[in-house]
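S.K.: Spelled out, the chains give:
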Amino acid sequence: MAMATDVPKEGFRLSMLIYDTRYRSYTIQLVVLVLFAMAVAWLLNNTVHNLALRGKEFNYGFLWQRAGYDIGQHLIPYTNDDNHFRALLVGLLNTAVVAFFGCIFATILGVVVGVLRLSRNWLVSRLMTVYVETFRNVPLLLWILLSYVILSEVTPLPKDFKVTDEMIAAGEAPKASMMLFDSIAVTNRGTNIPAPLFERGLGTLDLGFMSLNLTFWAIAALIAASIWVNHRIVASARATQESTGVRPVTWWKSLLVLFAPVIALLVALGFHLEIPALKGFNFQGGILVAHSFTALLIALTLYTAAFIAEIVRAGIMAISRGQSEAAFALGLRPNRTMSLIILPQALRVIIPPLISQYLNLTKNTSLGIAVSYLDLRGTLGGITLNQTGRELECMLLMMLIYLTISLTISTLMNMYNRSVQLKVR
Amino acid sequence: MSETHAETVTFVRDTMLPPVLPPVGERGAVKWLRENLFSTPLNIALTVAGLGAIWWLVTASLPWWLNSVWNASSLGECRQIVAANAGEGATGACWAMIRERWHQFLFGFYPPAQWWRPVLSFGLLFAALAPVLFAGQKRNLSIILGVVAAYLLVTLYLASAPGLPFVLALVLIGGLLALAQMMPGRLLWFTLIYPALCFWLLWGGSIWSPIVAMAGFGVLYAVFRLASPLIGLAPAAGAGIVAAVLWWLYAEAPVVSALHGAFPIFLQSINSDQFGGFLLAIVIGVTGITFSLPIGILLALGRQSDMLIVKSLSVGFIEFIRGVPLITLLFTASLLLQYFLPPGTNFDIILRVIILVTFFAAAYLAEVIRGGLAALPRGQYEAADALGLDYWRAQRLIILPQALKVSIPAIVSTFIGLFKDTTLVAFVGLMDPLKGVTQIVRADIAWKGIYWEPYIFVGVIFFLICFSMSRYSMYLERKLKTDHR
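So the protein lines, in turn, are chains A and B. The letter at position 8 of the first sequence is residue 8 when you use the working numbering, and the numbering goes up by one with no holes. Throughout, the working numbering is defined as the position within the second sequence, counted from one, plus 425.
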């Protein structure tokens with residue numbers, strides 16, 4: 001047998017940096033790195049030069065100056081005497097609240113539409129197709145502008161709600177009336193909804209840099225605790241079922257744990273609703289929700305729901321027919337087939353694109369600028385930027401915040417995704 | 426047989442009964458209704474709800490559509506006409522606004538005498554797209570070019586184009602039609618020169634600037650061909666790029682002015698702030714789509730690469746762009762670029778927006794294509810390696826055709842998203858059809874208070890464009906389907 005001769009050792013030649021695949025990747029990376037460093041250095045140099053030329057310096061001190069502008073919708077106490085940083089926080093919370101409710105409503109609507117689109121009912125599935133195609137193929141901005149214009153131009157004036165003695169005598173109804181047991185009034189100035197009030201609230205805790213609304217946090221903590229206890233009850237029921245085969249009855253325990261403590265706390269705090277009422281020329285009491293918020297929420301919900309519906313439909317269709325046939329062969333009823341066989345598998349397909357829809361919705365809240373909704377972009381990237389003239393700082397900070405939000409949401413959702421993913425060895 | 430039976434059985438049927446129709450409930454429309462609309466109580470409820478929704482929509486909007494007014498000079502006049510025709514309190518659409526302002530929705534403030542230029546560019550766009558969309562299909566190509574010729578004949582006449590360009594455009598499209606009959610493959614050359622032609626038509630100026638700029642690519646290719654036998658492929662490509670950049674930086678301006686002095690062929694210059702409406706949306710959308718695909722492919726390959734630095738730069742770029750809203754990027758284009766570029770540089774706002782929109786779409790495309798790349802079985806990569814293909818050949822011949830095919834639906838929906846996002850340029854002061862133009866119209870005292878009509882008009886056009894894009898992607902998917910599932 002011929003002995004395999006060793007490959008003759010070659011000396012390292014410079015041309016091997018280009019022609020030898022072992023070294024070529026180092027050459028390429030070095031070139032890329034140098035080019036990248038040069039580009040960054042060029043940009044930084046330009047920026048420093050431009051800042052010097054304009055007599056500006058890069059610092060965030062302006063955040064602690066008095067903001068001097070009002071924000072209609074603020075979830076934490078805010079006046080125009082507060083500083084720009086506080087305004088930023090208010091804007092951030094406004095972004096968060098639209099994104100939060102938008103995600104919830106869009107998911108509900110999207111799942112319903114997605115399932116109905118697969119329905120055997122010819123009429124309903126066609127209607128849902130029309131809805132999905134209409135909303136997917138027209139820009140979101142149109143839906144935002146249209147909802148806003150309709151809300152502020154079609155809705156009645158506050159004075160249309162007025163019931164005078166003459167009208168009662170003549171048996172006439174007022175031009176407009178409130179909705180939902182006279183608790184909600186939609187006028188051209190905004191939507192008046194009942195406000196939750198507490199007779200014996202817990203007050204606020206002042207931490208110096210921010211104050212905590214103790215009532216709110218007490219309720220939130222109680223709800224979280226109830227959910228956790230309920231989770232334990234269900235888990236122990238499952239453990240019993242797996243060891244003995246008999247599932248203990250838990251529904252009344254769950255109901256009791258979930259609702260009794262919260263109701264007890266609400267009663268103890270003296271919870272009641274303050275219903276808006278027409279006094280003089282405008283509605284008093286309750287909370288006035290600006291149309292910018294409502295329009296943004298409606299548009300984001302309807303638009304994103306169309307995308308979620310397609311995702312849900314694709315997820316359900318991705319499960320092969322054999323799965324449901326196997327379930328039927330085992331004698332499972334259609335409802336249980338759906339909940340035990342189809343949905344758990346479909347969720348794995350649905351969740352990753354659903355995450356990116358949530359992210360898109362969150363980023364799309366920045367379109368609130370079209371209806372002057374003061375979200376993060378409207379406060380930090382809008383009025384603060386224009387008042388202080390610090391484009392560079394404001395834009396960089398705003399991008400950083402959006403980036404943090406996006407990365408946080410996607411990390412959280414990816415963790416959830418990993419927990420439901422098919423475990424492959 | 427029958428004889429034996431004749432003794433034992435009293436009656437034997439010896440002819441077939443004529444077939445009887447199925448019961449009424451099991452055939453025709455009734456069966457269809459029962460199966461599709463009224464099969465279960467839930468379905469009945471859904472059907473009733475659906476019918477109710479349709480009924481509500483129709484009763485609410487039908488009179489509005491039927492009472493449409495096309496001839497009026499203000500919203501008040503529209504309302505008077507509706508009230509006169511249909512009685513007091515009736516509602517009616519006021520399309521007279523579209524009739525008066527359609528040109529702003531289409532062209533923005535583009536000078537009316539020059540409307541033939543965007544019209545011509547739009548027609549030629551399809552002539553340029555056809556060889557890409559329907560590669561080598563002589564029949565489809567001819568149909569599209571024929572439609573484009575008819576479109577140009579009508580619209581150029583309506584836009585009262587001057588005689589010379591009219592004739593030249595028709596000669597050009599005739600030449601393309603002839604080319605489609607003889608050598609359909611060669612039509613791609615028109616696609617390649619179309620960007621320069623379109624740029625010249627839309628922005629005007631001397632014809633020599635786009636020609637000389639395109640010549641830069643010629644310089645690149647010439648240097649590459651001349652140098653590659655001497656110094657190898659990669660260094661030759663580098664030398665070519667350097668030569669082209671030098672050409673654009675130093676040679677372009679003097680050559681253009683010299684040529685312009687010798688042969689002054691030019692169109693009236695149009696400023697970017699005169700662009701608006703769908704002209705602007707289509708310019709930004711088409712340019713963004715064209716350039717984002719190659720960049721997206723490169724980013725996706727970079728993200729899949731084994732080289733750590735290339736990979737982390739790609740990941741950083743993609744995640745950054747995907748993590749921030751497009752609006753902040755557009756504001757970067759309008760506010761921050763002046764900080765990042767050398768003092769005194771000031772380039773066109775439309776160009777800046779196009780660059781940012783392209784990067785935005787490219788980052789999304791990169792993720793989509795990465796999905797396609799990940800979906801390919803490992804064996805494909807290994808087979809390409811086993812055949813001895815180098816990286817770029819393997820990508821071009823084996824990997825990308827399959828990966829792109831898998832990701833077509835997602836790529837097209839990214840394109841649709843990009844086109845819809847062109848409306849956001851309104852926030853940096855450009856006049857998009859949705860917010861910019863509509864705001865101008867609604868600010869006019871004659872049309873104050875009009876809202877359904879402009880939004881429906883713009884929405885329908887967007888719908889038609891986006892919907893046809895998604896239908897084309899379905900066609901492409903079917904055409905490229907090679908498996909037998």
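Among the hints, a few may not be true.
Derived DEER-like restraints, expressed as beta-carbon distance ranges [stated by the list, open to error]:
1) B:Pro-466 <-> A:Thr-240: 15 to 25 Å
2) A:His-231 <-> B:Val-449: 51 to 61 Å
3) B:Pro-834 <-> A:Val-115: 19 to 29 Å
4) A:Ser-339 <-> B:Thr-440: 52 to 62 Å
5) A:Thr-129 <-> B:Gly-599: 49 to 59 Å
6) B:Pro-466 <-> A:Gln-323: 44 to 54 Å
Hints listed in this document are in silico derivations from the structure and should not be mistaken for laboratory results. Since this is a predicted model, take the numbers as computed values, not measurements. Every residue gets a Cβ at the ideal spot worked out from N, C-alpha and C, and that includes glycine.
S.K.: State for each hint whether it applies.
M.R.: Tested hints:
The supplied range of 15 to 25 Å is broken by B:Pro-466 and A:Thr-240, whose beta-carbon atoms lie about 36 Å from each other. In this structure, A:His-231 and B:Val-449 meet the distance hint of 51 to 61 Å, their C-beta atoms being roughly 55 Å apart. For the pair B:Pro-834 and A:Val-115, the supplied restraint of 19 to 29 Å holds, since their beta-carbon distance comes to about 21 Å. A hinted range of 52 to 62 Å for the beta carbons of A:Ser-339 and B:Thr-440 is consistent with their spacing of about 56 Å.
Our hint of 49 to 59 Å for A:Thr-129 and B:Gly-599 is violated, since their Cβ atoms are close to 42 Å apart. Between B:Pro-466 and A:Gln-323 the Cβ separation comes to about 26 Å, which falls outside the hinted range of 44 to 54 Å.
Going down the numbered hints, you'll see the structure goes against 1, 5, 6, while the others check out.
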